[in-house]
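One-letter residues, chain by chain:
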Amino acid sequence: MNWNSLKLRIRAVFWKTRAEDDLEDELQFHLSMEAQKHQASGLVEAEAARKAKISFGGLDQVKEACRDTRGISLIESTLQDLRYALKRVLREPWFAITVVATIGLGLGLNTALFTVFNAAVLRPLPVRDPDSLYQFAWYTRSSSGFISPENVRQVFNHSEAFLDILTYETVFSKSAGQFCRGKVKSSYLGKVESSY
Amino acid sequence: MTKPKRLDLLQGTLDLLILRTLQGDPMHGWAISERIQQISEDVLQVNQGSLYPALHRLEHQGWIAAEWGVSELGRRARFYQLTSAGKKQLQLERGNWDRLSSAIGKVLEHA
Numbered sequence: 001m002n003w004n005s006l007k008l009r010i011r012a013v014f015w016k017t018r019a020e021d022d023l024e025d026e027l028q029f030h031l032s033m034e035a036q037k038h039q040a041s042g043l044v045e046a047e048a049a050r051k052a053k054i055s056f057g058g059l060d061q062v063k064e065a066c067r068d069t070r071g072i073s074l075i076e077s078t079l080q081d082l083r084y085a086l087k088r089v090l091r092e093p094w095f096a097i098t099v100v101a102t103i104g105l106g107l108g109l110n111t112a113l114f115t116v117f118n119a120a121v122l123r124p125l126p127v128r129d130p131d132s133l134y135q136f137a138w139y140t141r142s143s144s145g146f147i148s149p150e151n152v153r154q155v156f157n158h159s160e161a162f163l164d165i166l167t168y169e170t171v172f173s174k175s176a177g178q179f180c181r182g183k184v185k186s187s188y189l190g191k192v193e194s195s196y
Numbered sequence: 001m002t003k004p005k006r007l008d009l010l011q012g013t014l015d016l017l018i019l020r021t022l023q024g025d026p027m028h029g030w031a032i033s034e035r036i037q038q039i040s041e042d043v044l045q046v047n048q049g050s051l052y053p054a055l056h057r058l059e060h061q062g063w064i065a066a067e068w069g070v071s072e073l074g075r076r077a078r079f080y081q082l083t084s085a086g087k088k089q090l091q092l093e094r095g096n097w098d099r100l101s102s103a104i105g106k107v108l109e110h111a
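So the sequences go chain by chain: A and B.
Note that my numbering has the first sequence beginning at 1, numbered continuously upward.
Note that my numbering has the second sequence beginning at 1, numbered continuously upward.
Read the hints as simulated data drawn from the structure, not as lab findings.
It is possible that some hints are incorrect.
Partial selection, computed: residues in chain B whose CB lies under 7 Å from chain A [said to hold, decoys possible]:
{"hint": "1", "residue": "Gly12"}
{"hint": "2", "residue": "Trp30"}
{"hint": "3", "residue": "Gln45"}
{"hint": "4", "residue": "Gln48"}
{"hint": "5", "residue": "Gly49"}
{"hint": "6", "residue": "Tyr52"}
{"hint": "7", "residue": "Pro53"}
{"hint": "8", "residue": "Arg57"}
{"hint": "9", "residue": "Gly62"}
{"hint": "10", "residue": "Ala77"}
{"hint": "11", "residue": "Arg78"}
{"hint": "12", "residue": "Gln81"}
Everything numeric in this text was worked out from a predicted model, so none of it was measured.
Glycine included, every Cβ here is placed at the ideal spot set by N, Cα and C.
All chains, full assembly: derive it from the sequences and hints.
Structure (structure tokens):
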């Protein structure tokens, strides 16, 4: 869209009646010139005007086609739709609330489900072949716990049962008088066979 | 003697004819359509339903400019005038038309 066209469009949107009047005048001028031509060739006034109108075709269609070149029909019809929507909402608020709540709940549920699905299915653990992963822990009759990375290394370094080990530690640290708990993904992902 | 049939304008040629007609003095829509009809000896008839949308489209493109003036008979009328961009466009479209018509002519002659 060039500057020239933009100027004309802005004029058409903000000075709509002016643009419409101009269009009407322009087309009416054409009609009266055409009628005069017919009159000059011997027709009576009314007959000349009628003939001019017929040869022109649908005045409103021509106007609409001219408006289309202004390209404001889209803006106009969007504004109309918005006004109509607002009117309906104000007339039936409960219906509107129900619709908004339904769509809102639907969207929320979808988002929540997708978050879970994404974490569980679409983004599996960042290791090769996550299905073959085992987590080790120890149990006694009275308690249970995880094994420290150091122990894991000691135990599995000499085992041929596992290809790789991945360990992590949970670290507690004191900061500004408060205990913070953070999971530190630690460090080791390597072949067990390799010498350690 | 039968009157030669009036031809409908080929798609896209109306713009070219309007631009060419406006090469001289500024004219209003009615005069443009009369002029095209006269010069073509009534073979080409400009349909008003496409003339005015075309004029407005060309104005949007910046190839012609419109101004309200007073017609020969003292009525307010919208006069169109070729802009400098329009002159360039006319040259371009005229070149295209010449190439197209000579190509079609050659095929009709020799094929």
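Hints versus structure:
The criterion of a C-beta within 7 Å of any C-beta in chain A is not met by Gly12(B), whose closest approach is roughly 15 Å, and the hint is violated. Because the closest C-beta pair between Trp30(B) and chain A is about 4 Å apart, less than 7 Å, the hint holds. Of the supplied interface hints, the one on Gln45(B) is violated, with its beta-carbon coming no nearer than about 9 Å to a beta-carbon of chain A, more than 7 Å. With 7 Å as the threshold, the beta carbon of Gln48(B) comes within range of chain A, its nearest partner Cβ sitting at about 5 Å, so the hint holds.
The interface hint given for Gly49(B) is met, as the beta carbon of that residue sits about 5 Å from the closest beta carbon of chain A, less than 7 Å. For Tyr52(B), the suggested interface contact is upheld, since its CB lies about 5 Å from the closest CB of chain A, less than 7 Å. Of the supplied interface hints, the one on Pro53(B) holds, with its beta-carbon coming within about 4 Å of a beta-carbon of chain A, less than 7 Å. Taking 7 Å as the C-beta contact cut-off toward chain A, the hint placing Arg57(B) at the interface holds, the least distance being around 5 Å.
Proximity of Gly62(B) to chain A holds as hinted, the smallest CB-CB distance being about 4 Å (cut-off 7 Å). For Ala77(B), the suggested interface contact is upheld, since its CB lies about 5 Å from the closest CB of chain A, less than 7 Å. Interface restraint check for Arg78(B): the shortest CB-CB distance to chain A comes to about 5 Å, inside 7 Å, so the restraint holds. Of the supplied interface hints, the one on Gln81(B) is violated, with its beta-carbon coming no nearer than about 13 Å to a beta-carbon of chain A, more than 7 Å.
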